[in-house]
Amino acid sequence: MAKAQDLIFLSTQLRPIDEAQKVRDVILKGAPKTSYVVDEPSPFTVRMKAEVEANKHTISLVGALHGELQPLLPMGALEPIDDVAASLKDRGIPAGLMDLGKLGTGKQMYIPWMQATYVMVVNKKALPFLPAGADVNALTYQQLAEWGKTMNEKTGQRRLGFPAGPKGLFARFLQGNLYPSYTASMVTEFRSAEAETMWNDFKAVWAQSNPNSTSYDFMQEPLMAGEVLVAWDHIARVKDALQQAPNDYLVVAPPAGPKGRSYMPVIAGLAIAKGAPDRKGAAELIMHLTKPETQLITASEVGFFPVVNATLPANLSPGVKLLAEGVAKTQTAKDAVVALLPVGLGDKGGEFNKVYVDTFQRIVLRNEPVRATLDAQADVMRSIMAATKAPCWAPDKASEGACPVK
Amino acid sequence: MPTSRWLPYLLIAPASVFLAVFFAVPLVQTIVLSFDGGTAGFFGNYQRMLGDLNFNVSLRNTFMLVLTVVPLQMMLAIGMGLMLQKMQRGRDVVLWIWTIPLGVSDLAAGLVWLAILQNTGYLNTFLFHLGVIDGPTAWLNSETPVTLFIAVAVAEIWRSTAVVLVIIVAGLQLIPKEFGEAAEIFGASPWQKLTRVTLPMLKPSLQSALILRTVLAFEVFAAVYAIGGRNIPVLVGEAYVWQRDNQNYSVAAAYAVLIMVISLAATAVYLRLLREKPEARA
Amino acid sequence: MAAITIEGVSKRFGAAMALEQLDLNVADGEFVALLGPSGCGKTTLLRIIAGLETRSSGRVLIGDRDVSDLPPAERGLAMVFQNYAVFPHLTVFENVAFGLRMQKRDEATIRRQVNRAADLLQIGPYLDRYPAKLSGGQRQRVAVARALAVEPAVLLMDEPLSNLDALLRLEMRAELKSVLKEAGTTTLYVTHDQTEAMGLADRIAVMHKGVIEQIDTPTRIYSKPSSTFVGGFVGSPPMNFLKLEAKNGVLACEGFSMPLAHDGPVLLGFRGEDVRLVDASQGLAFAVRVVEPMGSHLLLTGQVGGERIRVVAAPQAEIASGMTLGLQLDAARVVVMDTQTGKAL
Ligand SMILES: Nc1ncnc2c1ncn2[C@@H]1O[C@H](COP(=O)(O)OP(=O)(O)OP(=O)(O)O)[C@@H](O)[C@H]1O
Ligand SMILES: [Mg+2]
Numbered sequence: 001m002a003k004a005q006d007l008i009f010l011s012t013q014l015r016p017i018d019e020a021q022k023v024r025d026v027i028l029k030g031a032p033k034t035s036y037v038v039d040e041p042s043p044f045t046v047r048m049k050a051e052v053e054a055n056k057h058t059i060s061l062v063g064a065l066h067g068e069l070q071p072l073l074p075m076g077a078l079e080p081i082d083d084v085a086a087s088l089k090d091r092g093i094p095a096g097l098m099d100l101g102k103l104g105t106g107k108q109m110y111i112p113w114m115q116a117t118y119v120m121v122v123n124k125k126a127l128p129f130l131p132a133g134a135d136v137n138a139l140t141y142q143q144l145a146e147w148g149k150t151m152n153e154k155t156g157q158r159r160l161g162f163p164a165g166p167k168g169l170f171a172r173f174l175q176g177n178l179y180p181s182y183t184a185s186m187v188t189e190f191r192s193a194e195a196e197t198m199w200n201d202f203k204a205v206w207a208q209s210n211p212n213s214t215s216y217d218f219m220q221e222p223l224m225a226g227e228v229l230v231a232w233d234h235i236a237r238v239k240d241a242l243q244q245a246p247n248d249y250l251v252v253a254p255p256a257g258p259k260g261r262s263y264m265p266v267i268a269g270l271a272i273a274k275g276a277p278d279r280k281g282a283a284e285l286i287m288h289l290t291k292p293e294t295q296l297i298t299a300s301e302v303g304f305f306p307v308v309n310a311t312l313p314a315n316l317s318p319g320v321k322l323l324a325e326g327v328a329k330t331q332t333a334k335d336a337v338v339a340l341l342p343v344g345l346g347d348k349g350g351e352f353n354k355v356y357v358d359t360f361q362r363i364v365l366r367n368e369p370v371r372a373t374l375d376a377q378a379d380v381m382r383s384i385m386a387a388t389k390a391p392c393w394a395p396d397k398a399s400e401g402a403c404p405v406k
Numbered sequence: 001m002p003t004s005r006w007l008p009y010l011l012i013a014p015a016s017v018f019l020a021v022f023f024a025v026p027l028v029q030t031i032v033l034s035f036d037g038g039t040a041g042f043f044g045n046y047q048r049m050l051g052d053l054n055f056n057v058s059l060r061n062t063f064m065l066v067l068t069v070v071p072l073q074m075m076l077a078i079g080m081g082l083m084l085q086k087m088q089r090g091r092d093v094v095l096w097i098w099t100i101p102l103g104v105s106d107l108a109a110g111l112v113w114l115a116i117l118q119n120t121g122y123l124n125t126f127l128f129h130l131g132v133i134d135g136p137t138a139w140l141n142s143e144t145p146v147t148l149f150i151a152v153a154v155a156e157i158w159r160s161t162a163v164v165l166v167i168i169v170a171g172l173q174l175i176p177k178e179f180g181e182a183a184e185i186f187g188a189s190p191w192q193k194l195t196r197v198t199l200p201m202l203k204p205s206l207q208s209a210l211i212l213r214t215v216l217a218f219e220v221f222a223a224v225y226a227i228g229g230r231n232i233p234v235l236v237g238e239a240y241v242w243q244r245d246n247q248n249y250s251v252a253a254a255y256a257v258l259i260m261v262i263s264l265a266a267t268a269v270y271l272r273l274l275r276e277k278p279e280a281r282a
Numbered sequence: 001m002a003a004i005t006i007e008g009v010s011k012r013f014g015a016a017m018a019l020e021q022l023d024l025n026v027a028d029g030e031f032v033a034l035l036g037p038s039g040c041g042k043t044t045l046l047r048i049i050a051g052l053e054t055r056s057s058g059r060v061l062i063g064d065r066d067v068s069d070l071p072p073a074e075r076g077l078a079m080v081f082q083n084y085a086v087f088p089h090l091t092v093f094e095n096v097a098f099g100l101r102m103q104k105r106d107e108a109t110i111r112r113q114v115n116r117a118a119d120l121l122q123i124g125p126y127l128d129r130y131p132a133k134l135s136g137g138q139r140q141r142v143a144v145a146r147a148l149a150v151e152p153a154v155l156l157m158d159e160p161l162s163n164l165d166a167l168l169r170l171e172m173r174a175e176l177k178s179v180l181k182e183a184g185t186t187t188l189y190v191t192h193d194q195t196e197a198m199g200l201a202d203r204i205a206v207m208h209k210g211v212i213e214q215i216d217t218p219t220r221i222y223s224k225p226s227s228t229f230v231g232g233f234v235g236s237p238p239m240n241f242l243k244l245e246a247k248n249g250v251l252a253c254e255g256f257s258m259p260l261a262h263d264g265p266v267l268l269g270f271r272g273e274d275v276r277l278v279d280a281s282q283g284l285a286f287a288v289r290v291v292e293p294m295g296s297h298l299l300l301t302g303q304v305g306g307e308r309i310r311v312v313a314a315p316q317a318e319i320a321s322g323m324t325l326g327l328q329l330d331a332a333r334v335v336v337m338d339t340q341t342g343k344a345l
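Chain order of the listed sequences is A, B and C. Note that the first sequence covers residues 1 to 406 in my numbering. Note that the second sequence covers residues 1 to 282 in my numbering. Note that the third sequence covers residues 1 to 345 in my numbering.
Treat the hints as calculated values from the structure; they're not laboratory data. The reader is advised that the hints may include incorrect statements.
Using 25 Å as the maximum straight-line C-alpha spacing, the simulated DSS-like pairs for lysine-lysine come out as follows [unchecked claim]:
#1 A:125 <-> A:259
#2 C:133 <-> B:177
#3 C:133 <-> B:203
#4 A:334 <-> A:397
To list a few chain A residues with every Cβ distance to chain B over 12 Å, as calculated [as the list claims (entries may be wrong)]:
#5 97
#6 134
#7 346
A virtual CB, placed ideally from N, CA and C, is assigned to each residue, including glycine.
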């Protein structure tokens, strides 16, 4: 497999076997000879750290989420790549995204690679049940609950769906969509009065959600099975349903709360490891991966969208087109609020997610009192922030030192 | 002779070293890890474990599963073993069929039962055709804890009774048939024969089977996970979640230590309760 | 009334016949010993009577009840197993009490009967022990006591004293005999030990290859065997057989003659102690090869003609190997057998 002279490209993204295979067979076609290696986020960090400490370098290029690249900076595992950024000027990567790639330094530390976000997929069969006056592209959480209720009454089943199973990304919904839409915050306002309202509203939504939601991992499955008509998930996890029956679905922005329509962009970047055995090759690989053609291939193969200015061609598969439109609607909604993936939590990311999911379990599934639960969980949150000393990230306002929980 | 005194120890040395390296060392590491509470102190991880919202649920579920599955499967296995004994012909074939689940991994067993019991599974299809239900009915989610529990118990019983059966069949074969015959001649009813002769004589096998099954039942996980996801938390599942999702190896280690302590305690209880009277040991 | 009647019972194990059309009557209160070489079907017969083994054909009656298809418990009998089958998880007391407990007898009766059986078999001191702490012979006695304790009408015993030392066996044998006589127990008793069979039994049934060769009183089995097998199997030394030619209604040899309604070759059987040893000039010439002093007698092995003969002499007789003596037979104490069938003529 990995021959010694091959350039090693280590990625935390596109890990599932079939996706990795698409990277190797399709996306990397025409690129310098590369061996594509994947690793889960936490071993990835460990591995990068080990290479720095041992000063023995095998990895040239790394591909990871913004939040996963950030901790590599203080370790000194990243190589500044202003030269690469310069040669990419004409690709039309939005300046905002390029700025994220500086990781708060003056130098370019990674090049945006691809992006995704979380959207709502609507089976057209659900449209007749929309509450009067509701716009499917600009729903509120109350409307979502009402819609679910009507569907339940008319179809005899609870047809909303969330991926709250063991491998589902439900924590991201709570962090990136629900919380900021009600509180304009992810951490600081965790136990605010707005959060209390939010949980009470969400209870109404959950009451109309399919009881199997706590088992769903990828929403494309219950969507395809017809068990669920309206679902929230990461675009890569609904892609199969859309490609299978593009005419049956709409992709819309997630609902809005009193503080706006929050969404969580997922940005993956490409960085060159400090001491890379093949810096030149890695730079060429970045050039290849950010070519508009490659970006379009990536979109249609694995459902991550271009960061470059690449007009989606007319012959793009209808499923992917649906997704692309959904992403665009989400990003360009009038009331859009951006919530970033958690940054700086290191190996506490899992426990951070647990705070949200546990809060959900206690309030919604076990019907514990909202106020008391929020207070208790806020303590856990505070201890995590204290342990990691992670400063706030959007939409929370920048903080000196650890992000506070009010 | 000194050589003959040392020889047995010499002979068990490789096995002991093997055990020490691959079992004792990780065990000690796990225990150490479980007490490595960082800022939270010596018992910090245990406090977090005990305070976790799933701890009580998973402890209760685990115990309920053990207390349901193990007695039921012991009874089943004894019944099946006795039936096998009575069979003249085709005994081996039946035994072979009954032990097929032995070759099925617990995850696969869970998936088999998932296929039967899920919304669009065989059970619902069957009930639908019978007209008992009029659409896919959910049996396996957090809102149907009873059927979910039954499903997991059934899958576990299906999967792991064969082990008990094999032990019991082997035990039954070791009992010369004359003991049962003597009981019959002296007027014992089939039930008396079972309770006064067969079961007491089967005690060593029952003990092994009980210990083995109970310890393994406390480690129940894959079948539960396949059927119920996290809707029916169990101790090992929580350890797995703390390790994999929450990436807190110390709390996961605390769970592991707790499971080990429970297993050891159960073994000790069995050894005490089922202890053979020393004078009765042949 | 608890006579045992066995009518035409056969037992087939696969292709092998363990019992062949076997008939046997044991009268009420009678003690019959089953004697026969290993593997002749003794245990099989007992198990069929007890209902532990299915028969291939025939029927079994106890009293005048056909019990052929009844389960063991309803046949009203007790059994002592060849391998004892003493329950290892019960004390000696509980083992002996087992049958009584199954009959739900009251505690006092149980205690009394257990103690009686235990005294009889001299296992009183071990009542609180577990069988694992007993010797083979002690366990065997527990098995016998367990059977006696229920005071059965019919008792089947499969070599119940085989593991006892000679002295104890002699003692137990006498005790058993008197107890069973007194109780009027119908007993079928399997043994390898001929003296035991002779001493205990009202009648002895000699089994061979799944059939009963002869059933008769011990004396007649000994002195008037009905076949060369019985003659050769019973008695120590076994019966001697000489091949002779009968002519004109007379069977004769040196110093012996008797009338016989049969012409041609026959076997003349006689017991070693039924001959008179005389001077070499008289009777059959007997060349002594080996002299074994047995205490109560001398056992002489030698040859008459070409055939090996064993005879018994008085312990003080002065006989040495190499000597030739004369044998004189007593016409009243011989049997004549067919050379072909081996059956008495
Ligand atoms: N279950 C069985 N299956 C097949 N053959 C058997 C079985 N039980 C006994 N036999 C055969 O039947 C014949 C009679 O056996 P049985 O046990 O009755 O002999 P036995 O007279 O009691 O011998 P021993 O004096 O050695 O106890 C033997 O040839 C034996 O091999
Ligand atoms: Mg026998």
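(message) Holds or violated: residue 334 (chain A) and residue 397 (chain A), Cα atoms, limit 25 Å.
(response) The hint holds at about 21 Å.
(message) According to the definition I'm using, a residue is off the interface if its beta carbon is farther than 12 Å from all beta carbons of the partner; does residue 97 (chain A) meet that for chain B?
(response) holds (29 Å)
(message) If we take the beta carbon of residue 134 (chain A), is the closest beta carbon in chain B still more than 12 Å away?
(response) Holds, because the least Cβ-Cβ distance between residue 134 (chain A) and chain B comes to about 27 Å, which exceeds 12 Å.
(message) Does residue 346 (chain A) clear chain B by more than 12 Å, comparing its Cβ with all Cβ atoms of that chain?
(response) Violated, since 9 Å does not exceed 12 Å.
(message) Hinted pair, alpha-carbon criterion (25 Å max): residue 125 (chain A), residue 259 (chain A). Please report holds or violated.
(response) violated (30 Å)
(request) Would you check the hint for residue 133 (chain C) and residue 203 (chain B), treating anything up to 25 Å between C-alpha atoms as holding? (result) Between residue 133 (chain C) and residue 203 (chain B) the Cα gap is close to 19 Å, so the pair holds against 25 Å.
(message) Please verify whether residue 133 (chain C) and residue 177 (chain B) have alpha carbons no more than 25 Å apart.
(response) holds (22 Å)
When the structure is compared with the earlier hints, violations turn up for hints 1, 7 and for no others.
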